[in-house]
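**Student:** Here are the chains, one letter per residue:
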Amino acid sequence: MSSDIIAEIKRDYLVQLAKDGKRHDGRGFDQFRDVTISTRYIQQAEGSARVRLGDTDVIVGVKMNVGTPYPDAPADGTLTTSAELRPMATSDFEIGPPSQESIEIARVVDRGIRESKCLDFAALCIKPKEKIWMTWLDMHAVDYDGNLFDASSLGCIAALMTATVPASKITGIEGVGPMADFPMPVKDVPVMTTAVKLGGQILFDPTSIEGKVGGPRLSVSFDREGNVRAMQKGLGGAFTADEVKEIVRRGGQHAIELRAILEKSL
Amino acid sequence: MGGKKPEGMVLINEQGLRADGRRADQLRNIKIEAGVLKQADGSCYLEWGGNKVLAAVYGPRECHPRHDQDPTKARVRVRYNMAAFSVSDRTRPGPDRRSQEISKISSEALDHVVLAHLYPKNAIDVFIEIIEAEAGTRCAGVTAAAVALADAGIPMRGMVTSVAAGKVDGKVCLDLSREEDNFGETDFPVAYVNNTKEIVLLQQDGHFSPDEVSEALEMTQRAADEIYELQKAALLRKYQQMAGAEDVEGDAGHEPQIEPEPQIEPEPQIEPEPQPEPQSEPVHDTGVEN
Chain A
0 MSSDIIAEIK RDYLVQLAKD GKRHDGRGFD QFRDVTISTR YIQQAEGSAR
50 VRLGDTDVIV GVKMNVGTPY PDAPADGTLT TSAELRPMAT SDFEIGPPSQ
100 ESIEIARVVD RGIRESKCLD FAALCIKPKE KIWMTWLDMH AVDYDGNLFD
150 ASSLGCIAAL MTATVPASKI TGIEGVGPMA DFPMPVKDVP VMTTAVKLGG
200 QILFDPTSIE GKVGGPRLSV SFDREGNVRA MQKGLGGAFT ADEVKEIVRR
250 GGQHAIELRA ILEKSL
Chain B
0 MGGKKPEGMV LINEQGLRAD GRRADQLRNI KIEAGVLKQA DGSCYLEWGG
50 NKVLAAVYGP RECHPRHDQD PTKARVRVRY NMAAFSVSDR TRPGPDRRSQ
100 EISKISSEAL DHVVLAHLYP KNAIDVFIEI IEAEAGTRCA GVTAAAVALA
150 DAGIPMRGMV TSVAAGKVDG KVCLDLSREE DNFGETDFPV AYVNNTKEIV
200 LLQQDGHFSP DEVSEALEMT QRAADEIYEL QKAALLRKYQ QMAGAEDVEG
250 DAGHEPQIEP EPQIEPEPQI EPEPQPEPQS EPVHDTGVEN
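From first to last, the protein sequence lines stand for chains A and B. If you count the first sequence from 1, position 163 lands on 162 in numbering that gives the first Met the number 0, and the numbers rise without skipping. If you count the second sequence from 1, position 281 lands on 280 in numbering that gives the first Met the number 0, and the numbers rise without skipping.
The hints are simulated quantities; they were obtained by calculation from the structure and are not laboratory data.
Partial list, computed: chain B residues near chain A (C-beta under 7 angstroms):
1) 99
2) 103
3) 197
4) 212
Ideal Cβ placement from N, Cα and C applies to all residues, glycine included.
Next up, chain A with everything else stripped away, as it sits in the complex (with noise of 0.2 angstroms):
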């Protein structure tokens, strides 16, 4: 049966639970699932991890290679972003081009990364105007069971934090002498938190059936001051001014309890 239809008939239910204080996995409003983990996980890639948050899986590759810088920032690498959502992972995901979803997922975890800052793309310079480091992160969903935000973004700063550009392969470029490989400069860990609005209550890391029973949904990115970075509304349904702030304050202290789990697994 269709995840819509499900989430037509569980509506009044889960807002129901939610306006009793209770989630129907019994987690509380703050609660983040269970994340694990883990890094180095594809020998083929610069960089990679995968990471499990609750039922929600999903694996992200850093691939590095030699390009031609755009003329707008000559001495600086490139980031390109984009996200898998592949059939295997639910119903609700479909073969062929990327969908509107992936699009957004791509671009808000995107955004958080480059405007925290945390890449040092003049350190991806290689020659200026010749030659420089792109960077492409890739991320497949392949279990999903909700936030891909929050999974996904938790995956590309793992993912970058342990890649190593590649440097040592390059040779031939006119006036730059063997290097060696060297850790990808990331400076800052931004972290996203996801909630979404049901029953009137603010409820943090949605599940899937969380996410598609109609409630509006607010993702924010923080950096390491605790600053915001990046933020998305999405879904149907609107917020306050009070909720956003509210999902703002609450965000902060969960992107600080995610940055501890993420710098521990490293």
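We have chain A; now place chain B onto it with these hints.
**Tutor:** Using the frame of chain A, we list chain B on its own:
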């Protein structure tokens, strides 16, 4: 965001004024006109600073492809598109990732106010064309689309108004210009439902402390109230003109009564009743001073 500010570029001077002379909480000039296209069920033309935007609404109509249909309500489908000539370097026609994302979040924003359950299996298609772009096109697009929806007579819970705040030279500012958008630190587009103050669209990229988020929310909400008055006035003007034309046709020679203040309905989402007074006032230019 993210552009490197050229050496010596000043975006806010010592008097606290911005490069184009605006105060931190001041909008660019906005001009809104409803009902500008003939074929569409509803439409809107909007100029906002250097932005020129057209929005058109078709529907409710049968939803194609079929698998897009929702048996419980109409699909509100926004397509945001930039014209190839709208920016300094030609953009390739067709949807790119950026415009797909904007289309998605704009659909979700407008879906909240449209009484979509009245039209199961239908589509309400909203087309936003950015004819010329100067920062803030998604806000201009959503604001125009909401007027076009009302112009099409689509039942709505409230009017949607979108406006961005940002950070320029370390200061929270309203409605960034192109320069400020390129070299500022933060972009923060929001859309509100006017009568409930609900937030139906919210994005941020760049750097804000939690306090600056609150400041930007308050600043954008005040601005949205200002813009809402222009949306409402545009709709009233259109229906007054229609009523005026009918009046002349059906009752030639009759002296039309001109009320100095148009009766403004508190509930803008309801299609304004055609009023018999013609009003020949041209497109209203905002004095968004104060």
